[in-house]
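Engineer: Residue strings, one per chain:
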Amino acid sequence: MHPKTSAGNFFEDFRLGQMIRHAVPRTVTVGDVSLYTALYGMRFAVQSSDAFAATVGYPRSPVDDLLVFHIVFGKTVPDVSLNAIANLGYAGGRFLKPVYPGDTLHAVSEVIGLKENSNRKTGVVYVRSTGFNQHGEEVLDYVRWVMVRKRDESAPVVEQHVPTLPKALAPAALGTACPRIDTAEWNEALAGSPYRYDDYEVGERIDHVDGMTVEEAEHQIATRLYQNTAKVHFNQHSEGKGRFGRRLIYGGHVISLARALSFNGLANAFHVAAINGGRHVAPLFAGETVFAWSEVLDKQPLPARSDVGALRIRTIATKDKPTTLFPDKTGEDYDPAVILDFDYWVLLPR
Amino acid sequence: MHPKTSAGNFFEDFRLGQMIRHAVPRTVTVGDVSLYTALYGMRFAVQSSDAFAATVGYPRSPVDDLLVFHIVFGKTVPDVSLNAIANLGYAGGRFLKPVYPGDTLHAVSEVIGLKENSNRKTGVVYVRSTGFNQHGEEVLDYVRWVMVRKRDESAPVVEQHVPTLPKALAPAALGTACPRIDTAEWNEALAGSPYRYDDYEVGERIDHVDGMTVEEAEHQIATRLYQNTAKVHFNQHSEGKGRFGRRLIYGGHVISLARALSFNGLANAFHVAAINGGRHVAPLFAGETVFAWSEVLDKQPLPARSDVGALRIRTIATKDKPTTLFPDKTGEDYDPAVILDFDYWVLLPR
Amino acid sequence: MHPKTSAGNFFEDFRLGQMIRHAVPRTVTVGDVSLYTALYGMRFAVQSSDAFAATVGYPRSPVDDLLVFHIVFGKTVPDVSLNAIANLGYAGGRFLKPVYPGDTLHAVSEVIGLKENSNRKTGVVYVRSTGFNQHGEEVLDYVRWVMVRKRDESAPVVEQHVPTLPKALAPAALGTACPRIDTAEWNEALAGSPYRYDDYEVGERIDHVDGMTVEEAEHQIATRLYQNTAKVHFNQHSEGKGRFGRRLIYGGHVISLARALSFNGLANAFHVAAINGGRHVAPLFAGETVFAWSEVLDKQPLPARSDVGALRIRTIATKDKPTTLFPDKTGEDYDPAVILDFDYWVLLPR
Chain A
1 MHPKTSAGNF
11 FEDFRLGQMI
21 RHAVPRTVTV
31 GDVSLYTALY
41 GMRFAVQSSD
51 AFAATVGYPR
61 SPVDDLLVFH
71 IVFGKTVPDV
81 SLNAIANLGY
91 AGGRFLKPVY
101 PGDTLHAVSE
111 VIGLKENSNR
121 KTGVVYVRST
131 GFNQHGEEVL
141 DYVRWVMVRK
151 RDESAPVVEQ
161 HVPTLPKALA
171 PAALGTACPR
181 IDTAEWNEAL
191 AGSPYRYDDY
201 EVGERIDHVD
211 GMTVEEAEHQ
221 IATRLYQNTA
231 KVHFNQHSEG
241 KGRFGRRLIY
251 GGHVISLARA
261 LSFNGLANAF
271 HVAAINGGRH
281 VAPLFAGETV
291 FAWSEVLDKQ
301 PLPARSDVGA
311 LRIRTIATKD
321 KPTTLFPDKT
331 GEDYDPAVIL
341 DFDYWVLLPR
Chain B
1 MHPKTSAGNF
11 FEDFRLGQMI
21 RHAVPRTVTV
31 GDVSLYTALY
41 GMRFAVQSSD
51 AFAATVGYPR
61 SPVDDLLVFH
71 IVFGKTVPDV
81 SLNAIANLGY
91 AGGRFLKPVY
101 PGDTLHAVSE
111 VIGLKENSNR
121 KTGVVYVRST
131 GFNQHGEEVL
141 DYVRWVMVRK
151 RDESAPVVEQ
161 HVPTLPKALA
171 PAALGTACPR
181 IDTAEWNEAL
191 AGSPYRYDDY
201 EVGERIDHVD
211 GMTVEEAEHQ
221 IATRLYQNTA
231 KVHFNQHSEG
241 KGRFGRRLIY
251 GGHVISLARA
261 LSFNGLANAF
271 HVAAINGGRH
281 VAPLFAGETV
291 FAWSEVLDKQ
301 PLPARSDVGA
311 LRIRTIATKD
321 KPTTLFPDKT
331 GEDYDPAVIL
341 DFDYWVLLPR
Chain C
1 MHPKTSAGNF
11 FEDFRLGQMI
21 RHAVPRTVTV
31 GDVSLYTALY
41 GMRFAVQSSD
51 AFAATVGYPR
61 SPVDDLLVFH
71 IVFGKTVPDV
81 SLNAIANLGY
91 AGGRFLKPVY
101 PGDTLHAVSE
111 VIGLKENSNR
121 KTGVVYVRST
131 GFNQHGEEVL
141 DYVRWVMVRK
151 RDESAPVVEQ
161 HVPTLPKALA
171 PAALGTACPR
181 IDTAEWNEAL
191 AGSPYRYDDY
201 EVGERIDHVD
211 GMTVEEAEHQ
221 IATRLYQNTA
231 KVHFNQHSEG
241 KGRFGRRLIY
251 GGHVISLARA
261 LSFNGLANAF
271 HVAAINGGRH
281 VAPLFAGETV
291 FAWSEVLDKQ
301 PLPARSDVGA
311 LRIRTIATKD
321 KPTTLFPDKT
331 GEDYDPAVIL
341 DFDYWVLLPR
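Protein chains in written order, with UniProt numbering: chain A, 1 to 350; chain B, 1 to 350; chain C, 1 to 350.
Possibly wrong hints are sitting among the right ones.
What the hints assert, rightly or not - Facing chain C, a subset of chain A residues (Cβ under 7 angstroms, in silico):
1) K4
2) T104
3) Q134
4) H135
5) V209
6) V296
To be verified - Heads up, incomplete: computed chain B residues facing chain A, CB under 8 angstroms, no partners named:
7) R15
8) Q18
9) M19
10) T27
11) G31
12) S34
13) N83
14) A86
15) L88
16) G89
17) T183
18) Q220
19) N235
20) Q236
21) H237
Hint data in this document are derived by calculation from the structure and do not stem from the laboratory. C-beta atoms are modelled at their ideal positions from N, C-alpha and C, and glycine is treated no differently.
If we strip away everything but chain A, and leave its shape as in the complex, we get (with noise of 0.2 angstroms):
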């Protein structure tokens, strides 16, 4: 008899190359959409209604980004991290397709980097994860990595690699998920402001003022909604006993969160286009309140689009401090009160 339990894969069982197809495929559906709304307060227009999206040139809402991203990257939790101890990192991120209610999504990673740690008790995985729709269109793809624990600290490690990764998404890599946008029909009173891709300008800061306190039952019926089974989120029996004594939200959450916060400020960002990179600084628990700042790093065309402009944005979350004042980092060292440092594009109608 084969034990039938999957305990995971540990450091010395990823090999450089290999490529990983997840399990559960996931038909996306309003009721998704629904629940998206509904744990983070999402007011994006054209991810809200069908006519405001019908209006600007898509066949109808589509599904927003990150509820995407997250369902992609809860695939790859049983095989890539489920004996993690941190997500370290996110780049190059892709938001390839659209994706409406009624695709089905799966998805790939392959194994691009290795590198055991000085202690051999841990090493770090990094992996492109693709996500696929019906057609076997990609939709999304990433590369994150990880921190993993061996299984056996003496096993050998067969080949290290360390990637090079791309600090941003190049414009041209931009915009391949969004139809051409009919700009002469955004309403900007039903988007929510009148400020366009031209009214921003590099380095300007935004306090998105509003916090949002999060709870237990938020969180986990969020990253059960993707279907992502990392036990620290779940499991107060053994996270009580654990490092930080309470269960860990999933780090996209908060990403999330800042994004639906930041609506105030960015309404018309309507279409999150690609992620450069982003660090979970420090754990968000259930009864935080978290607040957001955005910084606008690039501004950009898009080549051959006069529809478009694409904004660089670095988005800082903190939890229990308003960012009235932009907490931040100052060489290395966060303001203690940071959990998230976030960098990505994000379209605006021009």
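Given chain A, put chains B and C in place with the hints provided.
Structural biologist: Just chains B and C now, kept in the frame of chain A:
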């Protein structure tokens, strides 16, 4: 550079006759309906079953009237009540057209009254808010008035006016959102009660028996579902330092809980046709248990309709106090357990 | 005037052979499916992906069997168990037809057994409940028995009978809700396990490893989704003064949690074909963590079908105790951590 965030309107920003087109149109879906059921336990057969709805005369289940109300209300918050101290009341609410999953709602408000308070720090703003579907048809309108802070105490108030508001809608104003009901096909066993319009009497009191305890996660999920951005519901970091030390629960959450509880006694009251008035007598907080009782204030046939009749109902909700003894008000003083006094017309089959 | 509220049935209100048509038909939608996923983290590929379901032989993803069970069960509560002290057991549950989003369910129960307890204060009511779709086709039936209060101790009991119940369904009774499965198209990587029917052995035990902590908001949202009105799940004001001092979690919530946890070890067990028996050994409360392990009690081919085989599974759920050591019962005494003992047939591809 313009500051990109909105701080909402203060009392002196409003003008009589001003029209405000609210942001973020919203497509209502079966996902929203499921969440609404899950948050309140709603059981009215017309809204619960496409098959039942089709049998009695609807094309399919309409979206619960109060869900429509909350979504329209939510749209008005960023413009009308972001700086509100209190939601003082509702009047003249009419449900004008049924809303079905797939419909997209947006909202417009007209400022119909302004009255500065004698302390000059605040004033009362009266708005008539109207919800529209994607065809531009009115689905709901209602008046609410809120006490709003002034940004600057010395700011002059240009023009003041207190509108005259109806105490109750007239029967002739009811029923436009209700198709002709085939009362012979109305299955009382499936609907959950043998009592139709003719079985109720003016003055009759009904204790709805059950209690429902509210959790933080529940009211936050509900209020975000409505894209209602009022800060007091979500931010424990700031509310913890405020008047109550806690997050306030959206008053509409109490209305929907009371309506759901009222099923036990009013199961055939399938449609809220109008909101005559409503007052949030006291705040509700997480952990508290809501009870409700109702009184039949009036009953009226609808002009030229023999299929349905209207009951004018006053529903009183309490917290942490069963309603066996019908806790009420004496003169202007309410029983301290009362949190809601809600006056509305419902339709029942004859 | 008739009192308009229902106080539910008491033991002496039931009659052998009585048919009860339950209220509130319910259209099941993709919104319900999303909530079900979000509440339990369900990952069975057939129910998760329309594309996977279509590949193996379903027209699209069927609604999770236990979601159907909970909805049908919920309808019976106001008539059968509103005055129940305990839900004593289940038997003879058969899933007869797949349910798809858009189908409308209603339920009928027949009283098949009545036995007064010797204290004359309570009695046991046995009902066979049947769920129907909008075409009047049976989708599920099962027997449950509950201990119900008498309204009046002196009330005579007209006729008593204890029905003979099957210990387990016969293999010939299984599979009617399962279309012919194209096992060659069953993708094990996508389904999440290489283990099919032939890979399991009678007597095999599987520890499902993971734990899931339950929050008040979660079980309330779930139980209201099923329109289950049992008071003990929702009313802290009264339960706080009761036997446990807390709200009781609906037993079906534990069944669904255990089923979701069982994915790790039984990922290809895509269909619950029958419920042989079930016992809620001890109550679960919010804040507690559920674990599960399973034993293969039997395995049987299905008559005239070579596509799927049936495993008879006994799943034990515990609270606040990992299941590494398979906590069980000795004689009639359960390990004090056990909360559920559930016996059911699942189908797997051969």
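Engineer: Compare the structure with each hint and give your call.
Structural biologist: Right, here's what the structure says about each hint:
1. K4: This hint holds: A:K4 lies near chain C, its Cβ roughly 4 angstroms from the closest one there, short of 7 angstroms.
2. T104: holds, 4 angstroms
3. Q134: Holds. Min distance 4 angstroms.
4. H135: violated, 9 angstroms
5. V209: violated, 27 angstroms
6. V296: violated, 34 angstroms
7. R15: Violated: closest Cβ of chain A sits about 17 angstroms from B:R15, beyond 8 angstroms.
8. Q18: For B:Q18, the interface hint is violated, since the closest Cβ of chain A sits about 13 angstroms away, which is over 8 angstroms.
9. M19: Hint violated; B:M19 Cβ to chain A Cβ min 11 angstroms, cut 8 angstroms.
10. T27: Holds: closest Cβ of chain A sits about 4 angstroms from B:T27, inside 8 angstroms.
11. G31: For B:G31, the interface hint holds, since the closest Cβ of chain A sits about 3 angstroms away, which is under 8 angstroms.
12. S34: At 6 angstroms from the nearest chain A Cβ, B:S34 passes the 8 angstroms test, so the hint holds.
13. N83: violated, 12 angstroms
14. A86: violated, 20 angstroms
15. L88: Violated. Min distance 24 angstroms.
16. G89: With a minimum Cβ separation of about 26 angstroms from chain A (threshold 8 angstroms), the hint on B:G89 is violated.
17. T183: Cβ of B:T183 sits 33 angstroms from chain A, so the hint is violated.
18. Q220: holds, 7 angstroms
19. N235: holds, 4 angstroms
20. Q236: Check passed: Cβ of B:Q236 comes within 4 angstroms of chain A, closer than 8 angstroms.
21. H237: holds, 4 angstroms
Checked against the numbered hints above, the structure breaks hints 4, 5, 6, 7, 8, 9, 13, 14, 15, 16, 17 and satisfies the rest.
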